[in-house]
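Chemist: Listed here are the chains, written in short residue letters.
2 protein chains.
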Amino acid sequence: MNPTISAFESSPDRGRGLARDMRVRWALEEAGQPYEVRLLSFAAMKAPAHRALHPFGQIPTYQEDDLVLFESGGIVLHIAEHHAGLLPADANARARAITWMFAAVNTVEVPIIEFQNAKLLERDKSWYDERLPLVVERVRVRLGELSDRLGDAEWLDGAFSAGDLMMVAVLLRLRPSGMLDEDARLAAYVARGEARPAYQRAFAAQLAVFTGRSG
Amino acid sequence: MNPTISAFESSPDRGRGLARDMRVRWALEEAGQPYEVRLLSFAAMKAPAHRALHPFGQIPTYQEDDLVLFESGGIVLHIAEHHAGLLPADANARARAITWMFAAVNTVEVPIIEFQNAKLLERDKSWYDERLPLVVERVRVRLGELSDRLGDAEWLDGAFSAGDLMMVAVLLRLRPSGMLDEDARLAAYVARGEARPAYQRAFAAQLAVFTGRSG
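Sequences listed follow chains A and B, in order.
When we follow our numbering, the leftmost residue of the first sequence carries the number 7, and every step to the right adds one.
When we follow our numbering, the leftmost residue of the second sequence carries the number 7, and every step to the right adds one.
It is possible that some hints are incorrect.
Each computed EDC-like pair below joins lysine to aspartate or glutamate, with the alpha-carbon atoms no more than 20 Å apart [claimed, not checked]:
| # | chain 1 | residue 1 | chain 2 | residue 2 |
| --- | --- | --- | --- | --- |
| 1 | A | LYS125 | A | ASP19 |
| 2 | A | LYS131 | B | ASP154 |
| 3 | A | LYS52 | B | ASP154 |
| 4 | B | LYS131 | A | GLU151 |
| 5 | A | LYS52 | A | ASP19 |
| 6 | B | LYS131 | A | ASP19 |
| 7 | B | LYS125 | A | ASP154 |
| 8 | A | LYS125 | B | GLU128 |
| 9 | B | LYS52 | A | ASP19 |
| 10 | A | LYS52 | B | ASP130 |
| 11 | A | LYS125 | B | GLU143 |
| 12 | B | LYS52 | A | ASP130 |
These aren't lab readings, by the way, just hints derived from the structure by calculation.
Values in this document were obtained by computation on a predicted structure and should not be read as measured data.
Bound-form chain A, shown alone:
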């Protein structure tokens, strides 16, 4: 039986592919693994039935036979471990790819979420205009460090891996802000991720939920 993931019934970003189910869809497409999707309203996401699967009442979840997972990083790593194409065979390179997954969600995404919280949750506050540059600067520091490490390489460490998948997905959260285009190397890196056929299929699938048109 195919695994089932959960996603927003009404995409909060109008199908721009920024919700976290996109990371899991992309990984499944890279792996060539068909999957089912269970769509959830915002209310259903916070209801006890979904909380039983996801303690924090969010998407995505991942169900495969009697296994239930609930965090995009954990799900992507699970997929990467059970299919070819997302983790190198060499043990050291594999450990480094996993470290990049954690760097994406714990070092790069943290200031990006703080930036998005400011934009989405504090736009009407008296401090918004004065505080935003501080938060933007925290994001820029991380982007600069990441860009320095990437240099002219195609991917973060050798061939494309689950580390790149998570990093590109995290960086894409910045697309609406225009910040991504300030660094040519990172912009090209993200564009390489988006150009992958697996990304394209995943993007089309999540967009179809919003437009109501299948494949």
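For this one, chain A is given, so just place chain B on it according to the hints.
Modeler: Chain B alone, transformed into the frame defined by chain A:
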């Protein structure tokens, strides 16, 4: 040869065990793996030689023969995969433990870092007093959800795992704020983590850097 980790030469938290090397020390102690420590000044941490190991100029790093890792989550998972005691043998339970590692750093730690940024970086700002309750509330929501899931269980999913190690370490960042003690279940959960002999050994080792007294 024993692996070498890096840590702060001058502990910013005066040896309270809140720096991220603590997570790696604890995992190594759980694994029974001796290790060496390379201490870094703040300047050395941002210098090119260290940046070659850690793109974001932080601690901890992990060096083992020709493998270099740089993110606490990635390092702890690497240790957990190569030693007994931090991941269950059952494949599904193992995937769930890893999902809890990601939940710790990407769902629970994110608002905690935002809270700490407010306390450490924005204390002198005009908006500090008015904004802080908003940020505190974001943390409380996550803590409440985590507490609901934990319930009366000893650990998050069966036996103690790397998922608990990361979660306890993340929650400990809240200790100075007093917020941890607002929830009896979470406070007891963290106390169980701290009571583990491996935690105690790791804590003593990081404290010795600050006090200048070895073991």
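Chemist: Compare the structure with each hint and give your call.
Modeler: Going through the hints against the structure:
{"no.": "1", "hint": "A:LYS125 with A:ASP19", "result": "holds, 14 Å"}
{"no.": "2", "hint": "A:LYS131 with B:ASP154", "result": "violated, 31 Å"}
{"no.": "3", "hint": "A:LYS52 with B:ASP154", "result": "holds, 13 Å"}
{"no.": "4", "hint": "B:LYS131 with A:GLU151", "result": "violated, 27 Å"}
{"no.": "5", "hint": "A:LYS52 with A:ASP19", "result": "holds, 19 Å"}
{"no.": "6", "hint": "B:LYS131 with A:ASP19", "result": "violated, 32 Å"}
{"no.": "7", "hint": "B:LYS125 with A:ASP154", "result": "violated, 30 Å"}
{"no.": "8", "hint": "A:LYS125 with B:GLU128", "result": "holds, 17 Å"}
{"no.": "9", "hint": "B:LYS52 with A:ASP19", "result": "violated, 37 Å"}
{"no.": "10", "hint": "A:LYS52 with B:ASP130", "result": "violated, 37 Å"}
{"no.": "11", "hint": "A:LYS125 with B:GLU143", "result": "holds, 17 Å"}
{"no.": "12", "hint": "B:LYS52 with A:ASP130", "result": "violated, 37 Å"}
Figure legend: structure checked against the earlier numbered hints; hints not met, in rising order: 2, 4, 6, 7, 9, 10 and 12.
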